[in-house]
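Peer 1: Residues per chain, in single letters:
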Amino acid sequence: MIRGTVVIAHDVCKGCELCIVACPQECLGLSDHLNARGYRFAQLNADTCTGCVNCAIVCPDSVITVYREPKKKGSRL
Amino acid sequence: MENSTNGLEVVYEKVPTLTDTLMHYCPGCSHGVVHRVIMEVIHEMGITEQTIGVAPVGCSVFAYNYMNIDMQEAAHGRATAAATGVKRVHPDKFVFTYQGDGDLAAIGTGETIHTVNRGENILMVFVNNGVYGMTGGQMAPTTLAGMKTTTSPFGRDVATMGSPLRITELIANLPGALYVTRQSVHSTAAVRKLKKAIQLSFEYQKLNQGTCFIEVVSNCPSGWKMTPVESNQWLVENMFPVYPPGDIKVPKPPAVNN
Amino acid sequence: MGSINGTSETKLMKGNEALAEAALRAGMQAYFGYPITPQSEILEYLIIHGPKRGSVVLQAESEVAAINMVYGAAGAGARVMISSSSPGISLMQEGISYIAAAELPCVIVNVQRGGPGLGTIQPAQADYFQAVKGGGHGDYRLIVLAPNSVQEMADFMFDGFRLTEQYRIPVMILSDGALGQMMEKVTLAPDGSLPLTQKPWATTGKPASRERNFITSLHIEPEMMEEVNLHLQRKYKELQKEVRYELHHTDDADIVLVAFGLSARICEKVMDLAREKGIRAGIVRPITLYPFPSDILREIAEHAGAFLTVEMNAGQMVEDVRLAVNGKKPVFFKGRMGGMIPTPEEVLAELESIVEHQLLHA
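Chains as they are written, first to last, in my numbering: chain A, 1 to 77; chain B, 1 to 258; chain C, 1 to 362.
It is worth saying that the hints were derived from the structure and are not from the lab.
We treat Cβ as the ideally placed atom computed from N, Cα and C, and that holds for glycine.
Do not rely on the hints blindly, as some may be mistaken.
[Said to hold, decoys possible] From the structure, some residues in chain C lie toward chain B, with a derived Cβ separation under 10 Å: (1) A30; (2) A66; (3) T203; (4) G205; (5) K206; (6) A208; (7) N213.
[Said to hold, decoys possible] Away from chain A, derived, C-beta distances all over 12 Å, residues of chain B: (8) L165; (9) G176; (10) E237.
Throw the hints in and build the complete structure from the sequences for me.
Peer 2: Here you go:
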């Protein structure tokens, strides 16, 4: 299973939840507490992220940076 | 809980053609996604230095705060006229407009039709969310029959307020229209298709063979009084039947030489 | 630029065509227009001669579209001109307000016709207020030049482009149907006698070497919008040094005619007729209607007995003359409306009655 993760700019996120419904692994959720602008923000709730980028693609505010395990050396991308 | 990123490589991040200014758009608004996709294409095609955008009045009136390229803010309904002025004096540059439905299909209808009829070599990005968002959710020409807005509070009555205006089909009939497509950003797959359409449009612009026109059927969580997730479902069930996504006019292959 | 026009030439030309030719010689790079009598020759002339001499020439679908094309092209750094006549200029007012707020240089030619409404196609001066008091929404002014000959129709294209690019204030050339349609001898300056200027603020595509440019008139924070207004007002004060006018025999005049454009030519005849009758008449001809030549009028009011303003409208510039004279001396008005041109005789009659009733028995 490819390992990946996301870094979310919690203070920019508006809690619209579009990334949450887009995530095939269902590993995103809304925080309990609010960010500085008064929004609950998206966060990683499980480590099943595969770095598939779905969440970042639907994010209206570009708050998600996606990381993924590099392919084994020599394998064609 | 954040997984550590060591040993992992970045596969997706914000492009430099987007500024760091926080977007004023409501949570979950399609505008943010459409802005991002256009700016990703401009960055990835390496045409940041050759592109000029024109955004008129509407929710996207502040587009120039977010798009890190040379931009003009035009009067309501007049973006394609301003873009015509820009393109005519800089024929070698990429020019696009970014307009809402009130702007492009109400006050700017004359400019929309004549810009396409002249085959102006620009890209017109048309965000259709069925309401005037910036001013608080009034009825637009594209408001659906029976749809409630602040100026059709009992639902749009076709007998007195006319039917939803399918401007995209209307301009597709003009010979000047080279590439006409209707897309959306309600899902990951849809966003990918939109990105392809925008990329294609900028490629076509190099050929100088007519106007490219992309309608993006979009949501308006605040205007429709729904959550962002609900609005994207509502969009599929209600907007798509009237504004079906898909290519409406695609140039014949010889027009594309790559 | 075509070199065929590399030398200055003297020709017999129609006002509209002389203006169009001068615009090309003055380095115009884009023109947007729309047909409307009595100025369509400008568009027709430029469609023939413009493109081959390096200028974009486009007939728009409306004057509203045309003025917004000007906004785009001017914002992208081009030297731009647009022309129309009264009703068309009214359609452009919103666009002009945007252009003024965004400080975009351009020249707007109004070949006036009789109004209001559809009016007539005969010459008139009833757009004076619209031209000099801003015209559209918000506090802004245009630099307004008023030609009164085919020669000035040509010359003011050069002055217009120079001033608008120097101050980044739109310039309006306030002409009329007679000046546009009549033919007179005109000497045309050579191509390239007005070099293009640098516009680092223009949207030409953002090179890596600079921050992005953006053209806007939107400043949602009132503090910012007030700053923009204060900046514009400072510029308008600076304009005072660009005031231009022409004087005829005002040093010994008992009664001074004040008139611009075509009306001023009529007043020259009136002045001669009056002087033949022993009435010492003089003329002040404002050439810049904004900035308005108030100082010279105030100065003349020291010794002149009265003023008679002559216009082809219901009395518009007369208000600015009164403001300038400020009650020191009486200011009278004689005008014709609806496209009628006042005759020298009727103006002379008005002048004589003023002299009779006001000056001799005052």
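Peer 1: Using Cβ atoms only, decide whether C:K206 comes closer than 10 Å to chain B, and label the hint accordingly.
Peer 2: holds (5 Å)
Peer 1: Taking 12 Å as the cut and beta carbons as the points, is B:L165 off the interface with chain A?
Peer 2: holds (26 Å)
Peer 1: Taking the closest pair, is the beta carbon of B:G176 still more than 12 Å from chain A?
Peer 2: The claim stands: B:G176 keeps its Cβ more than 12 Å from every Cβ of chain A (closest is about 32 Å).
Peer 1: If you take the shortest Cβ to Cβ gap from C:G205 to chain B, is it below 10 Å?
Peer 2: Interface hint status for C:G205: holds (5 Å vs cutoff 10 Å).
Peer 1: Take the shortest C-beta to C-beta distance between C:N213 and chain B; is it under 10 Å?
Peer 2: holds (5 Å)
Peer 1: Confirm or reject the statement that B:E237 sits farther than 12 Å, beta carbon to beta carbon, from all of chain A.
Peer 2: With a cut-off of 12 Å, B:E237 remains clear of chain A, as the shortest Cβ separation is near 16 Å.
Peer 1: Hint check: is the beta carbon of C:A66 less than 10 Å from a beta carbon of chain B?
Peer 2: Holds, because the Cβ-Cβ distance from C:A66 to chain B comes to roughly 8 Å (cut-off 10 Å).
Peer 1: Quick check on C:T203 please, does its C-beta sit within 10 Å of some C-beta on chain B?
Peer 2: Result: holds, 4 Å to nearest chain B Cβ.
Peer 1: Do the numbers back the hint for C:A208, that is, is its least Cβ distance to chain B under 10 Å?
Peer 2: Interface hint status for C:A208: holds (7 Å vs cutoff 10 Å).
Peer 1: Taking the closest Cβ pair, is C:A30 under 10 Å from chain B?
Peer 2: Nearest chain B Cβ about 5 Å off; hint holds.
Hint check: no violations occur; every hint is consistent with the structure.
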